[in-house]
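Using the UniProt record's numbering, the first residue of the sequence shown is number 1, and each one after it goes up by one.
Think of the hints as simulated: they come from the structure by calculation, not from any bench. Treat the hints with care, as some may be off.
To be verified - Using 25 Å as the maximum straight-line C-alpha spacing, the simulated DSS-like pairs for lysine-lysine come out as follows:
| no. | residue 1 | residue 2 |
| --- | --- | --- |
| 1 | 66 | 56 |
| 2 | 34 | 112 |
| 3 | 70 | 112 |
| 4 | 112 | 126 |
| 5 | 70 | 56 |
| 6 | 68 | 56 |
To be verified - Label-pair distances were calculated between CB atoms; the ranges are:
| no. | residue 1 | residue 2 | range |
| --- | --- | --- | --- |
| 7 | 171 | 51 | 35 to 43 Å |
| 8 | 108 | 18 | 16 to 24 Å |
| 9 | 51 | 72 | 17 to 25 Å |
Bear in mind that the values here come from a model prediction, so they are computed numbers and not experimental data. The C-beta atom is built at its ideal place from N, Cα and C for all residues, glycine as well.
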Amino acid sequence: MSRQIVLDTETTGLSAEGGDRIIELGCVELLNRKLTGNNLHLYFNPGRDSHEDALKVHGISNEFLKDKPKFADMADEILQYLQGAEIIIHNAAFDVGFLNKELELTGRSPFKNYVASVTDTLAMAKELYPGKRNSLDALCDRLGVDNSGRTLHGALLDAELLADVYINLTRGQDALLIADDSPSGEDGVQVAAIDLSAIVLQVLPASAQELAEHEDTLTQIDKASGGKTIWRSAQAV
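Start from the sequences and build out the full structure, keeping to the hints where you can.
Quick look at the structure:
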């Protein structure tokens, strides 16, 4: 059974090494790509105030966090929940850097030692949509995920949105994940085996007129480029 945890954090600022701390952790569980409702959501007293810019992003006041537990007090519960799962994070380097620092402060080993793997959806999105905006909001818009309730960043809400984004990003892989010995699909639908070896593709040769028009187009492109095209030399090889 494939267990994945979609994870997000909110922090007092941008620099774990500079002393910033995690103030909120949101985790959403997926089993075989389906939401289970077995989520983890915690706030922490970071022992310091959030930067003004960070407050504008997450809106979690210093006063609200005063009576919350320290990360160290909840570390065992967190690691038990995450143990052995594939962790899915948007811009993983940021969150993992903070988690590593929090674990280091409690005398524990780095985050990767407790989980099966870490998948970065930002890296996935950059590969799928090169040159485009790939923030969580941009991906929600592009993939049709409703993020209308996201006026401020929140770890649990963002993890829930990211779970939907991840499922949409990887939906095209579903057909490749069906096991050969599985008689039915994910929802119990019968999957018929198709023998492709018997299929013969029909080749339609170009007509003389089509070949002439193609040659004319190539000549015009060659002329427009000042003879810098490569297909003539490539054909001669």
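Hints, verified against the model:
Restraint check: the Cα-Cα separation between residue 66 and residue 56 comes to about 19 Å, which is no more than 25 Å; the hinted pair holds. Between residue 34 and residue 112 the alpha-carbon distance is near 24 Å, which keeps this suggested pair within the 25 Å criterion. The straight-line distance between the Cα atoms of residue 70 and residue 112 is roughly 21 Å, inside the 25 Å bound, and the hint therefore holds. A C-alpha spacing of about 23 Å is found between residue 112 and residue 126, which places the hinted pair at or below 25 Å, so the restraint holds.
Between the alpha carbons of residue 70 and residue 56 the distance comes to roughly 23 Å, so the proposed pair stays at or under 25 Å and holds. Annotation: proposed proximity of residue 68 to residue 56 holds, straight-line Cα distance about 20 Å (limit 25 Å). In this structure, residue 171 and residue 51 meet the distance hint of 35 to 43 Å, their C-beta atoms being roughly 38 Å apart. Checked against the hint of 16 to 24 Å, the pair residue 108 and residue 18 passes, with Cβ atoms roughly 21 Å apart.
Checked against the given bound of 17 to 25 Å, the beta carbons of residue 51 and residue 72, roughly 22 Å apart, stay inside it.
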